Amino acid sequence: MATATETQAQHSYAAGVEVDTTNNPTAQKLLKRCQDFLTNVENLTPGKDLEAYLNANYGPGNPIYEDLCTLTRQGLQEGWVANIEISGPNYRRSKVALPKEETRFCSITTVYMNSQEEFSGQYHSHPYGEINCVVQIDKTAELKGMQGWRGAGWTSPGSGTHHYPQVRGGALIALFFLPAGRISYTAKPEDPQPLSL
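Using UniProt numbering, the first residue of the sequence shown is number 1, and each one after it goes up by one.
Derived from the structure by calculation, the hints contain no laboratory data. Treat the hints with care, as some may be off.
Taking lysine-lysine and the BS3-like style, the derived pairs with C-alpha atoms no more than 27 Å apart in a straight line are [to be verified]:
#, residue 1, residue 2
1, Lys95, Lys139
2, Lys48, Lys188
3, Lys29, Lys139
This structure is a prediction, so every number in the text was calculated from the model and none was measured.
The whole structure should be built from the sequences, with the hints applied where relevant.
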């Protein structure tokens, strides 16, 4: 049974409450680096071509990617990244930012998943697509995207795609960007996928 604090946190997430960055230097830095990234990709469309582009140009070793990972991990240690339990301590999330001009009208969310075996989260669809920065906590952890399993790097499901978010091999955080903040939990696994993933 959820504690009063957990229940309040869940209501805050559902109500669209974002992380308070006012007195949080790490959160401010993460938001700034997310803004830098989104400025660079604002005219690109989520999908397999963007996923390939991001892994070729913004993957491990790229300063923006490395900063996003470092700041996200630091936020996890500080307790404000992915601090709202979805179903226990190994599957939780938090909103870093709601869609706004500064984020090119994308929402920014962190989801922590931790499992050695394949674990599936909440089934959902991406009306306008999604961009996931895979932040490994454990070097063996992988996130499953529409193009298969991914360790360090990026996944980018296209518009209209739907799936279970899945993790294996340990703990990671999906730092993800949703155009217009759009996500839907009404899709079913048997629904057809769009022609372009």
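Hint check:
Between the alpha carbons of Lys95 and Lys139 the distance comes to roughly 24 Å, so the proposed pair stays at or under 27 Å and holds. Pair hint Lys48 plus Lys188 holds up; C-alpha atoms about 21 Å apart against a cutoff of 27 Å. A hinted pair counts as satisfied when its Cα atoms are at most 27 Å apart, and Lys29 with Lys139 qualifies at roughly 24 Å.
Violation of the numbered hints given earlier is absent; every hint is satisfied by the structure.
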